[in-house]
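Please take these sequences and the hints and turn them into a complete structure.
Chains F and H, in that order, are what the protein sequence lines are. Counting from 1, position 7 in the first sequence corresponds to residue 7 in the UniProt record's numbering; the numbering is continuous, with no gaps. Counting from 1, position 17 in the second sequence corresponds to residue 17 in the UniProt record's numbering; the numbering is continuous, with no gaps.
Source of the hints: derived by calculation from the structure; they are not laboratory data. Hints may contain errors.
As the list claims (entries may be wrong) - In silico EDC-like pairs for lysine to aspartate or glutamate, Cα to Cα no more than 20 Å straight-line:
#  : chain 1 : residue 1 : chain 2 : residue 2
1  : F       : K193      : H       : E54
2  : H       : K113      : H       : D126
3  : H       : K113      : H       : E94
4  : H       : K21       : H       : D60
5  : F       : K2        : F       : D15
6  : H       : K108      : H       : E94
7  : F       : K61       : F       : E71
8  : F       : K193      : H       : D126
9  : H       : K75       : F       : E197
10 : F       : K61       : F       : E44
11 : H       : K29       : H       : D203
12 : H       : K175      : H       : D194
13 : H       : K75       : F       : D194
14 : F       : K61       : F       : D46
15 : H       : K154      : F       : E197
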Amino acid sequence: MKRLLSSITDGKGFDILLVAFPLGYLFLMSGLPLLYNVLMSFQEVDMFSRGSFWRPFVGLKNYRDLFAMPETLPILYNTGIFVVASIAGQFLLGFGLALFFWTNFPGATWLRGLFLVSWVMPGLVVGAIWNWILSGDFGVLNFLLRETGIIDGNIFWRSDPDFSLWAVIIANIWLGMAFNMILLSVGLSAIPKDLYEAAELDGANAFQRFWTITLPMMRSTIGAIISLGLIFTLQQFDLFAAITSGGPNNSSNVTQYWAWDLSFRQYDFAKGATISVIMIIFVMFASVVYVRSTRHEVRG
Amino acid sequence: MTLQIELSGVNKYYGAFHALKNIDLAIEKGTFVALVGPSGCGKSTLLRSLAGLESISTGDLRIAGDLMTTVPPRKRDVAMVFQTYALYPHMTVEQNLTYSLRIRGASKAAMKKAAADVAATTGLSDLLGRYPRELSGGQRQRVAMSRAIIRNPKAFLFDEPLSNLDAALRVHMRKEIRMLHDRLGATSVYVTHDQIEAMTMADHVVVMRDGIIEQQGRPLDLYDRPANKFVAGFIGSPAMNFIPATVGSDGFSLVTHVGEPQTIVLDRALDPGRSVVAGLRPEHLTVVDGGGMFRFPVGIVETTGSATYISTATTPEITIVDTARRSIRTGDVIELTIRPSDVHVFDTKTGMRL
Numbered sequence: 001m002k003r004l005l006s007s008i009t010d011g012k013g014f015d016i017l018l019v020a021f022p023l024g025y026l027f028l029m030s031g032l033p034l035l036y037n038v039l040m041s042f043q044e045v046d047m048f049s050r051g052s053f054w055r056p057f058v059g060l061k062n063y064r065d066l067f068a069m070p071e072t073l074p075i076l077y078n079t080g081i082f083v084v085a086s087i088a089g090q091f092l093l094g095f096g097l098a099l100f101f102w103t104n105f106p107g108a109t110w111l112r113g114l115f116l117v118s119w120v121m122p123g124l125v126v127g128a129i130w131n132w133i134l135s136g137d138f139g140v141l142n143f144l145l146r147e148t149g150i151i152d153g154n155i156f157w158r159s160d161p162d163f164s165l166w167a168v169i170i171a172n173i174w175l176g177m178a179f180n181m182i183l184l185s186v187g188l189s190a191i192p193k194d195l196y197e198a199a200e201l202d203g204a205n206a207f208q209r210f211w212t213i214t215l216p217m218m219r220s221t222i223g224a225i226i227s228l229g230l231i232f233t234l235q236q237f238d239l240f241a242a243i244t245s246g247g248p249n250n251s252s253n254v255t256q257y258w259a260w261d262l263s264f265r266q267y268d269f270a271k272g273a274t275i276s277v278i279m280i281i282f283v284m285f286a287s288v289v290y291v292r293s294t295r296h297e298v299r300g
Numbered sequence: 001m002t003l004q005i006e007l008s009g010v011n012k013y014y015g016a017f018h019a020l021k022n023i024d025l026a027i028e029k030g031t032f033v034a035l036v037g038p039s040g041c042g043k044s045t046l047l048r049s050l051a052g053l054e055s056i057s058t059g060d061l062r063i064a065g066d067l068m069t070t071v072p073p074r075k076r077d078v079a080m081v082f083q084t085y086a087l088y089p090h091m092t093v094e095q096n097l098t099y100s101l102r103i104r105g106a107s108k109a110a111m112k113k114a115a116a117d118v119a120a121t122t123g124l125s126d127l128l129g130r131y132p133r134e135l136s137g138g139q140r141q142r143v144a145m146s147r148a149i150i151r152n153p154k155a156f157l158f159d160e161p162l163s164n165l166d167a168a169l170r171v172h173m174r175k176e177i178r179m180l181h182d183r184l185g186a187t188s189v190y191v192t193h194d195q196i197e198a199m200t201m202a203d204h205v206v207v208m209r210d211g212i213i214e215q216q217g218r219p220l221d222l223y224d225r226p227a228n229k230f231v232a233g234f235i236g237s238p239a240m241n242f243i244p245a246t247v248g249s250d251g252f253s254l255v256t257h258v259g260e261p262q263t264i265v266l267d268r269a270l271d272p273g274r275s276v277v278a279g280l281r282p283e284h285l286t287v288v289d290g291g292g293m294f295r296f297p298v299g300i301v302e303t304t305g306s307a308t309y310i311s312t313a314t315t316p317e318i319t320i321v322d323t324a325r326r327s328i329r330t331g332d333v334i335e336l337t338i339r340p341s342d343v344h345v346f347d348t349k350t351g352m353r354l
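And the structure:
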């Protein structure tokens, strides 16, 4: 008993204790629900068996049913567009801003801090603001596009099936851009200045320096930010709830919103769980890429 | 001789700070020039201005006869070796060496051959496939130099390239850089705060302080005839002793003001009664057994084997380098002598050589 106590205060026991708390928490709060979710996707769940743990096992039936539904493929397609367009927009604009602030003009640090406002705002609030901006009748975006002559008539962003998904994408790009900018700024500032001086003396112009020094030196940061972006966009739920609710007619529906809709509005927990499992596979893939890209961050 | 680098009336301001003050410097083709001085003296700023990494506020810079004052660094055709080496960490040694050629669109075969040729002369042939992080400090240093050599530039600029190496390697690389310079027939400008590096490597030493050139010339000229007290104290190791003194009534002697008044004989006449500073190099002071010019009590004795460093118990302290292995101990009184031609005299106020 005494040895155990001294091990906890001075020895390995303390290390184990420190690790045990977060691991225990993660297992309890994330691990168990995740496993339960996987289990549910192989069971038949209805209104009467919701409270029980051991429900009739149906094998892959839920998966077969899911892919037999007419809306599944369009929603998966929407999810793909949402993820690719959001990440591309967030990354390109974030990188552009990071490079812009990297020139370190007077007030750059201060202004960069202000950009973080978009990131600290709750998704529902961002959604509410973009509802105004995107509004078909009096929205400021329509006003700008109309006055500059890009469009002739108003676009009903949230209710036109051709635009509803893009309405959420625009808001999501705005929401995630600042996070991209901050991480990329950190990556940029980690590149030693004398590398650029050496490259300049070696005859490289600004574009060549960007291409041969900045981009390769940023490889691990870019890998990390894109895999994090994949994880974050697959988690993006608030904006759909606030802006389009997945409509009209599923035209802006994506898997993460649909899973919630199936489970908690239609009480089809089995199908909701099945979609979640499919998403878990994608997120796991992104996590592996993320972990692998941060592993190479040590430079020498 | 043609001038390879020419600076005339160069000034550099950082806001209100005047970093380079009216620098005039002419560097002949094929010479090895050392810029030396304490930190903050402007030597690095001057070098970076040559490279184009800093802009010159006023004045002209010519490289190989062409006006380069406002030309961007990449068009100046000068190569620089950085203190940190600045190797591209994501490229192999070979890619590091051929970077400048790649930028200019050289063919793969030409780059491979150039890298192999340079690597052979600098002993990097076995390391071409490695990354900088897999190299030792000395090897990185060689890569940095090879990267400069491969371009065959109009001038090589070195920014304290040896300060990250250990003492033994530094002495070795010193010789290696000088040999490379001679073999390539290059023009080199070398910044260092180490006067020994400057003296041993350079044909022409430029001593700087507070943005001005205090003195420039051949290393031994600077040692033999320092223009002022600053250069006298900076060049030579251990540093020159400075003793407050007054010129004697005959004009051919100095009366020192350390401890008891004592007399040093001069080989030239100065104004009698003038207040001056005598500069005596530790290696020029000789301990004698009688008939010395002056006597001092001994403070600390340090033996290195080849020489004995004797510090006197006076204020200011006087250092003597003795190579004769005398048994001198703390508390002894020693007699010293110095050849009149080895006595440097400086004005007390201006510090200029008299």
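Verification of the hints:
Taking the CA atoms of K193 of chain F and E54 of chain H, the gap is about 14 Å. The hint holds against a cut of 20 Å. This hinted pair checks out: K113 of chain H and D126 of chain H have alpha carbons roughly 15 Å apart, not beyond 20 Å. A C-alpha spacing of about 11 Å is found between K113 of chain H and E94 of chain H, which places the hinted pair at or below 20 Å, so the restraint holds. The suggested pairing of K21 of chain H with D60 of chain H holds, with an alpha-carbon distance near 13 Å, which does not exceed 20 Å.
Straight-line distance between C-alpha atoms of K2 of chain F and D15 of chain F comes to about 17 Å, which keeps the hinted pair within the 20 Å bound. Note on K108 of chain H and E94 of chain H: the hinted pairing holds, with a Cα-Cα distance of about 12 Å set against a maximum of 20 Å. In summary, the hint linking K61 of chain F to E71 of chain F is supported, as the alpha carbons are separated by about 17 Å, within the 20 Å threshold. A C-alpha spacing of about 29 Å is found between K193 of chain F and D126 of chain H, which places the hinted pair above 20 Å, so the restraint is violated.
Our distance criterion of 20 Å between C-alpha atoms is met by K75 of chain H and E197 of chain F, whose separation comes to about 13 Å. About 9 Å separates the Cα atoms of K61 of chain F and E44 of chain F, which keeps this hinted pair within 20 Å; it holds. For the proposed pair K29 of chain H and D203 of chain H, the alpha carbon gap of about 12 Å is at most 20 Å, so the pair holds. Simply put, K175 of chain H and D194 of chain H have alpha-carbon atoms about 15 Å apart, close enough for the 20 Å limit, and the pair holds.
Between K75 of chain H and D194 of chain F, the direct Cα distance comes to roughly 18 Å. Compliance with the 20 Å bound is thereby established for this hinted pair. The hinted pair formed by K61 of chain F and D46 of chain F meets the criterion: a straight-line CA distance of about 14 Å does not exceed 20 Å. Distance restraint check for K154 of chain H and E197 of chain F: the Cα-Cα separation of roughly 18 Å lies within the 20 Å cut-off, and the hinted pair is therefore satisfied.
Violation of the numbered hints given earlier is confined to hint 8; every other hint is satisfied by the structure.
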